[in-house]
Amino acid sequence: MWKCFSTRTSRCFSTSASNKALKWWDHVAPAPKDPITSVTEAFLADTSPTKINLGVGAYRDDEGKPVVLQCVKEAEAKIAGCDFLESVSSAVSSKLVEESVKLVYGKNSDIIKEGRFAGVQALSGTGACRLFAEFQRRFYPESQIYMTDPTWSNHHNIWRDALVPERTFHYYHPDSKGLDFSALLDDVKNAPDGSFFLLHPCAHNPTGVDPTEEQWREISYLFKVKNHFPFFDMAYQGFASGDLDRDARSIQIFVEDGNVIGCAQSFAKNMGLYGHRVGCLNVLCNDAKQAVAIKSQLQQIARAMYSSPPIHGILLVSGILSDPNMKALWVKEVKAMANRIQSLRTTLRKSLEQLSSPLNWEHITNQVGMFCFSGLTPEQVDRLLREFHIYMTRDGRMSMAGVTTGNVSYLANAIHEVTKFG
Amino acid sequence: MDSSSVFANIVRAPEDAILGVTVAYNKDSSPDKLNLGVGAYRTEEGKPLVLKVVRRAEQMLVNDNSRVKEYLPIVGLADFNKLSAKLIFGADSPAIQENRVTTVQCLSGTGSLRVGAEFLARHYHQLTIYIPNPTWGNHTKIFGLAGLSVKAYRYYDPATRGLDFQGLLEDLGAAPSGSIVLLHACAHNPTGVDPTIEQWEQIRQLMRSKGLLPFFDSAYQGFASGNLDADAGSVRMFVADGGECLAAQSYAKNMGLYGERVGALSIVCKTADVASRVESQLKLVIRPMYSNPPIHGASIVATILKDRDMYNEWTVELKAMADRIISMRQQLFDSLSARGTPGDWSHIIKQIGMFTFTGLNTKQVAFMTKEYHIYMTSDGRISMAGLSSRTVPHLTEAIHAAVTRVG
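Top line first, the protein sequences correspond to chains S and V.
One point on numbering: in full-length UniProt numbering, the residue at position 59 of the first sequence is 59, and numbering is uninterrupted.
One point on numbering: in full-length UniProt numbering, the residue at position 12 of the second sequence is 12, and numbering is uninterrupted.
Check the hints yourself; a few may be wrong.
As the list claims (entries may be wrong) - Reference listing, derived: stretches of chain S covered by chain V, where coverage requires no fewer than 3 residues with Cβ under 8 Å from a Cβ of chain V:
hint, segment
1, 69–79
2, 259–273
3, 371–377
Calculated directly from the structure, the hints in this document are not laboratory data.
Every value quoted in this text rests on a predicted model; they were computed, and no experiment measured them.
Quick reminder that beta carbons are idealized off the backbone N, C-alpha and C, glycines included.
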């Protein structure tokens, strides 16, 4: 029992009390490091001049530097010196949501005209997924979520923390380094009717493997038959083909088939607004009235987590998307980023082939978006790190955005070194 | 639609009680309408205020072409975290010097509370939190959804419109050992009733003797007295005794950064090793929630806190805001006294911070909204920040009418 004989504030706790207090946190183990962010941490600590970071999916220019888009600079100059709004006023958040969903459904979509969606701004893609996961759990407490095998590592954390159990379905074929389409369809067929699925509409993370339009049609049809709920996590719109509309095609196919969907959008990558945490969550509804109900529930979940997302990023995105000139500039800049990645994919593949690599590297150019699922083993990844100071996640996922004309030869040589004996 | 939404049965959630007030206010077309709902600072002209020093900091950031928009680490901006800890615990705090404090950037006060609550729900052994009666409406939801069981301790005494100190001591004294206790660091929301220094000391002794874990919510540092250090007194008192605690900080009000969602959660631990392990676990809470916190607001705060001139400029602007609120209290009190409104209104000048717990009941509040277009939360809480010299007479009339005509 602790006794303090003085009314002055002083360090007068007894040993037994401090021992008792020490015990409270003894069982708190050091947490495992995040497999993606820890790569960047390690990279930053590395002093080697030849180091390359192919870890986190953040775009770099051809000098390997982060980029602030021109359209963003212009938007930011416009809003600097404006009044802050206390919390995001309805008008501002509606504008963001309206412009965001146009990117998903097309600007002339009936869904938008009729207000048949519940949309809220969210803390980038992670926040949008987490909001949906919490919403799913609240209204379908017995449900599970089916995720692609593999998927972004944080997806597992998000649904787990929302207390929604997960199952995986076949997606990536390690032999072909492409889509395991028939197994995917089987899994979709065999799942109980009305299951929730997490889909990547384009530029799949981590594999870069996307279904073709025909394959998407088949999947969508099957979803309709099985009455499944498709939830799309769209983090890389624009990075798959360079064309924003084309990259949303898969979602539109599902909607045309009459599927009722949900969609998380992130502006981290395609607007380069990583640190601003801007995204959007929308859920399709029967009608505008139901949309109001669902939106209110989503807002309630957000209110107890962080209230509202930060306004700066929201103003940037809505400013860019609602100004035709700025939006046109943005579209160009997205295409330029996608093109640069595309061209380095080609260069890397050619370089490896020219080194007479015994392996097949077609997947480097077959895969799309920011990532290449290289097929490198964990041991080979470790060697790349130790011997060449090249950083990537241990599943062999390389962020192609980190490849430049300046480092691609070094990278090709390094990969060849660790794989030339098979 | 071909197929029905799987969410077709969902009903509309009730409007948030506090934010709903502003929604209703916005719909009102009366020229005399007055919003005394949400705790956001307003100038004498009734306008929101962007601090000059904040504008300067923001312009510096925008003009700096070397700045990029990359992800922050999961725990946020390092400078911001260090400076925030110093702000609340004091630059010379032994806990900081001994590396016993872990500070993570979060989304304002709400986000800091939620992350702290989630951490406790996972790792702490006593999953009950005691919150003062009354408290900010969102507290119960935040802690409940994080997985803690929420109980109340007596706090406000309607008879005196002050602190029910005996009740508080009894209830905390009866709490199971190890329970978590939510404490408003200063400027209690909604009542404006704060313990005195002597009372804080008694609370501290009681809590430490029972091993109760303090969780401070500091949303108004600088707004209570106008002095940042004085307003952190309660928190520093607890840290000075070498014990552990949690503290959620918000920059929404004292830097006027409401919409940018800037805040920090600090956990003061017994040892540096514990603090390090705790921080690693906090990351596991944050990553699946939103990955990493937003860069803009924290950059503004760090810019200001680390520059001596800007820091001083900030303290001056902050004191001006606090002083205006204090003067509004005096004006309202004087006005009601002059009007001869029945009742003892001295609590208006005794209560501290942005809010006054008027003591008006829900019927009276509804009457004031209907007849006088005055908006406040139904518990009779008014935001003094929403008042001006120009609107004090209107409010006086409304209160007078409510008290004399409505039971």
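Quick rundown of the hints versus the structure:
Evaluation of the coverage hint for the segment 69–79 of chain S: fulfilled, as 3 residues show C-beta separations to chain V shorter than 8 Å, against a requirement of three. Closer than 8 Å: that is the beta-carbon criterion, and the segment 259–273 of chain S has 5 residues meeting it against chain V, so the requirement of 3 holds. Evaluation of the coverage hint for the segment 371–377 of chain S: breached, as 0 residues show C-beta separations to chain V shorter than 8 Å, against a requirement of three.
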